[in-house]
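Undergrad: So the chains spell out like this:
Protein chains: 2
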Amino acid sequence: MEAPITTVHTPLRRVSIADALAAMARHAVRAARTERIKSADAEGRIVACETRAAVDVPAFARSMVDGYAVIAADVTGASANAPVRLAIAGSVLMGKPAHASVHRGQAVAVPTGGAMPEGATGVIKVEDIDVRDGIVTIFDATDCEDRITPAASDVRAHEVLFAAGRRLSPAAIGLLCAAGVAQVDVYRAPVVGVLVTGDELVPAHEPLAVGQIHESNGVAIIAALRALGFAARPYGIIPDERDLLETELRRALNDCDAVLISGGSSVGQRDHVPTVVAEAGEPGVVVHGVRAKPGRPVLLAMIGDQPVIGLPGNPVSALVMLEALARPVLMRMFGIDDKPKAFRAQLEKPLTTDASLEHRIPVQLLFGTSGLIARPLLGSSSQLHILAYADAVIVVPEGSGGLAAGAMVDAFPFSATRTP
Amino acid sequence: MEAPITTVHTPLRRVSIADALAAMARHAVRAARTERIKSADAEGRIVACETRAAVDVPAFARSMVDGYAVIAADVTGASANAPVRLAIAGSVLMGKPAHASVHRGQAVAVPTGGAMPEGATGVIKVEDIDVRDGIVTIFDATDCEDRITPAASDVRAHEVLFAAGRRLSPAAIGLLCAAGVAQVDVYRAPVVGVLVTGDELVPAHEPLAVGQIHESNGVAIIAALRALGFAARPYGIIPDERDLLETELRRALNDCDAVLISGGSSVGQRDHVPTVVAEAGEPGVVVHGVRAKPGRPVLLAMIGDQPVIGLPGNPVSALVMLEALARPVLMRMFGIDDKPKAFRAQLEKPLTTDASLEHRIPVQLLFGTSGLIARPLLGSSSQLHILAYADAVIVVPEGSGGLAAGAMVDAFPFSATRTP
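First to last, the sequence lines map onto chains A and B. No gaps in the numbering here: position 337 of the first sequence is 645 in the numbering used here, and each next residue is one more. No gaps in the numbering here: position 77 of the second sequence is 385 in the numbering used here, and each next residue is one more.
It is worth saying that the hints were derived from the structure and are not from the lab. It is possible that part of the hints are untrue.
Note: identical chains are not told apart, hence a pair may lie in one copy or across any two.
Below are the SDA-like pairs computed for lysine to any residue, each with C-alpha atoms no more than 20 angstroms apart in a straight line [unchecked claim]: (1) K346 with N562; (2) K649 with R683; (3) K657 with A381; (4) K647 with F720; (5) K657 with R344; (6) K649 with L674; (7) K647 with A472; (8) K649 with M716; (9) K346 with P511; (10) K601 with E706; (11) K346 with V510; (12) K649 with F675; (13) K601 with V499; (14) K346 with A540; (15) K404 with V518; (16) K601 with F447; (17) K404 with T384.
Construct the entire structure; sequences and hints are all you get.
TA: Listed below in structure tokens is the structure:
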């Protein structure tokens with residue numbers, strides 16, 4: 309399709325990233341569906357409803373040490389010079405109820421983690437005793453009352469363990485199992501359709517003719533979505549033709565819960581995304597253009613309750629905007645207000661930026677003598693190698709015009725960069 | 309098995325965590341095997357050998373904007389008052405070679421990302437022109453030479469993209485695809501056997517009798533290993549009997565590349581791990597006991613080139629030691645010197661610790677007005693809920709006796725805690 313290049317569409321009305329997110333937040337997004345799975349398999353999954361403990365943890369008072377359960381009042385002041393002698397009245401087996409009780413003048417052997425016998429109020433460590441002829445001689449009873457883990461001291465039955473929206477860590481699924489919660493309700497992965505546009509794109513395994521480049525945005529976006537907990541559905545490479553884009557967008561809106569489109573979101577003649585999305589349904593385009601670099605021609609839309617996000621074709625812009633805009637919008641499908649945590653680091657060298665834009669600069673994080681150092685990786689938004697070698701991204705605010713060397717910055721690690 | 313509790317084994321000879329790791333580093337570990345997979349599927353995988361670009365990225369000089377390719381010398385000083393007029397000599401199609409060349413007095417239309425025509429040394433933006441009757445009138449030519457992405461400016465063919473040991477991020481697999489590397493050699497997941505010991509343990513889905521607790525360490529350890537890129541193989545819950553432990557350890561050493569054992573690593577009569585591991589082969593036990601809390605009774609051993617690590621039975625101790633000791637040892641199977649990066653945060657309240665030990669305190673990370681705040685979650689090492697709600701762990705050094713409120717601390721996010 310020969311296209312003499314002449315004019316541009318309506319110029320972008322650029323808003324800040326914060327305002328863009330606020331504008332999208334005024335629209336409800338489709339909530340992820342839920343499913344019940346085994347807690348042991350739930351690592352990385354997001355809890356879909358308030359989850360409560362089934363049992364007390366522990367369900368009984370336990371000894372913290374190998375030793376003898378005693379009545380604390382019997383052993384007060386025991387020392388090497390004035391040892392206390394108690395009659396051994398039995399022993400507790402690991403994993404069994406304590407059948408013996410402890411009465412005044414008695415002691416019951418108890419292993420680490422064993423159930424405390426009835427009546428006992430302290431435990432004497434094996435290091436502080438001698439045992440002979442059914443008698444335990446106690447040389448030190450200091451802190452003996454502190455060696456008991458009370459019943460329900462970790463978790464109380466019916467206590468809320470996790471609110472909805474919590475992503476389950478290995479420790480968290482350990483806690484679920486400890487509390488007898490063998491199954492848990494989690495969100496199913498919402499399906500995000502990924503459309504990649506561009507006449508110039510060919511897959512990595514095919515040879516390149518002049519004018520062509522290997523497709524990389526779709527591959528990276530799909531991997532980043534999966535790492536965040538979404539099911540990414542690829543729609544292949546779509547030539548820059550309006551009808552084809554329209555057909556594929558309709559198909560994706562039908563099959564998926566949200567749609568990401570790489571490329572074609574700017575204002576050139578080959579940029580069909582804005583018009584095709586605008587005509588796809590209500591409320592339509594919410595934001596077109598942000599005052600941020602990289603990322604300017606980004607497009608945020610809602611078709612019903614389905615977010616549709618047009619990411620720039622430049623690979624760095626696409627992945628940085630995926631993180632800054634698409635991620636918080638999509639995470640709302642899990643009911644999550646997505647506020648990434650930052651590494652605090654010292655900027656290694658000064659940065660000069662255009663004050664009219666908010667800038668995101670990929671950085672490497674290095675270990676300095678007094679903490680982390682953020683080393684900016686400068687280059688254009690077409691240089692994917694910069695992002696591939698970055699550990700995090702720092703934000704240089706609009707209006708600042710840059711940052712001085714040595715400035716403390718927040719470095720946001722992000723899902724599109726992942727280091728060992 | 310009735311076991312009157314009397315004496316202890318050889319006391320632990322405790323070393324620092326750093327010395328424990330250094331002692332393990334003197335033994336070679338089995339290297340992970342490798343496999344070749346599609347780059348698009350390699351997110352999170354670790355590169356097994358130096359990986360080089362197949363092609364230049366981009367393979368040809370590209371225009372950064374929609375506009376007209378010109379000879380820069382033709383348009384110097386063009387302005388609204390003194391526009392420059394050039395004859396339109398053709399147009400470049402996206403994804404195609406530039407068939408037209410640019411000669412003096414000529415311009416060729418070129419789309420964003422299109423191949424630069426031969427002879428052209430600059431690009432005029434569509435915003436700065438007027439087109440009529442085969443003539444383009446240019447009102448501004450400032451920076452026209454900076455609107456070209458030179459061939460190979462992102463990546464040069466045969467350049468090293470990633471060294472061995474690099475974990476591939478979404479951006480990194482994007483870069484591989486962009487550079488025409490459709491397949492990549494990565495490490496296969498080493499198989500780590502997970503043995504959980506304890507007469508008191510029952511699975512989460514079974515009811516508890518008095519004296520019993522639900523198994524959680526194995527579940528959490530297996531999930532953490534999988535998140536780190538290992539294939540965890542569960543060996544179930546093993547009663548505290550020496551022969552059974554010996555049989556299962558032998559089986560695990562036979563089937564797996566490394567073995568983790570939860571519980572039984574201390575010095576009590578029911579702690580069979582030290583003797584069973586010592587007799588399993590050479591060189592045997594390397595470290596038994598560390599000067600760290602939680603974690604003291606940990607055991608590090610090598611059987612041939614297979615690491616065998618005995619983690620404490622207390623759930624917090626087990627997961628903290630998994631991170632501090634097992635993780636760096638196991639990551640060496642990928643040839644990786646595992647140095648986790650830390651969030652810099654301000655300690656919210658003072659911590660007093662036993663100066664004879666290095667302490668690891670789980671913290672929540674909160675957003676304060678001047679950066680991250682680390683809120684210590686205090687409790688005993690039997691309280692799994694503490695770790696399940698933690699974002700990171702801070703280290704209080706041996707000898708310090710604690711930290712003041714407001715102190716800047718390094719908070720290490722870790723694989724056993726994972727937040728949205």
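Undergrad: Does each hint hold? Answer for all of them.
TA: So, going through the hints one by one against the coordinates:
For the homomeric pair K346 and N562, neither the shortest alpha-carbon distance inside one copy (31 angstroms) nor that between copies (29 angstroms) is at most 20 angstroms. For the homomeric pair K649 and R683, the shortest alpha-carbon distances inside one copy (19 angstroms) and between copies (14 angstroms) are both at most 20 angstroms. Proximity of K657 and A381 under a CA criterion of 20 angstroms is satisfied in neither setting, with 66 angstroms inside one chain copy and 36 angstroms between copies. In this homomeric assembly, K647 and F720 come within 20 angstroms of each other (Cα to Cα) both inside a single copy, at 10 angstroms, and across copies, at 18 angstroms.
Taking CA atoms no more than 20 angstroms apart as the test, K657 paired with R344 passes in neither setting, with 50 angstroms inside one copy and 39 angstroms between copies. Taking the closest pair of Cα atoms, K649 and L674 come within 20 angstroms of each other both inside a single copy (18 angstroms) and across two copies (9 angstroms). For the identical chains of this complex, K647 and A472 are intra-copy neighbours only, at 16 angstroms inside a copy versus 33 angstroms across copies, given an alpha-carbon limit of 20 angstroms. For the homomeric pair K649 and M716, the shortest alpha-carbon distances inside one copy (15 angstroms) and between copies (16 angstroms) are both at most 20 angstroms.
With identical chains, the CA atoms of K346 and P511 are at most 20 angstroms apart between copies only, with a shortest distance of 12 angstroms across copies and 38 angstroms within one. Taking the closest pair of Cα atoms, K601 and E706 come within 20 angstroms of each other only inside a single copy of the chain (10 angstroms); across copies the shortest separation is 46 angstroms, beyond that limit. Proximity of K346 to V510 under the C-alpha cut-off of 20 angstroms is restricted to the inter-copy arrangement: shortest distance 16 angstroms between copies versus 41 angstroms within a copy. When the C-alpha separation of K649 and F675 is checked against a cutoff of 20 angstroms, the pair qualifies both within a copy, at 19 angstroms, and between copies, at 8 angstroms.
With identical chains, the CA atoms of K601 and V499 are never at most 20 angstroms apart, being 28 angstroms at best within one copy and 44 angstroms at best between copies. Taking the shortest alpha-carbon separations for K346 and A540, only the inter-copy value of 17 angstroms comes in at or below 20 angstroms, while the best intra-copy value is 23 angstroms. Only between protomers do K404 and V518 lie at most 20 angstroms apart by alpha-carbon distance; the minimum there is 6 angstroms, versus 76 angstroms within a single protomer. In this homomeric assembly, K601 and F447 never come within 20 angstroms of each other (Cα to Cα): the closest approach is 72 angstroms inside a single copy and 26 angstroms across copies.
Taking identical chains as interchangeable, the C-alpha atoms of K404 and T384 are never at most 20 angstroms apart, the minima being 29 angstroms within one chain and 91 angstroms between chains.
Violated hints, listed in ascending order, are 1, 3, 5, 13, 16, 17; each of the other numbered hints is respected by the structure.
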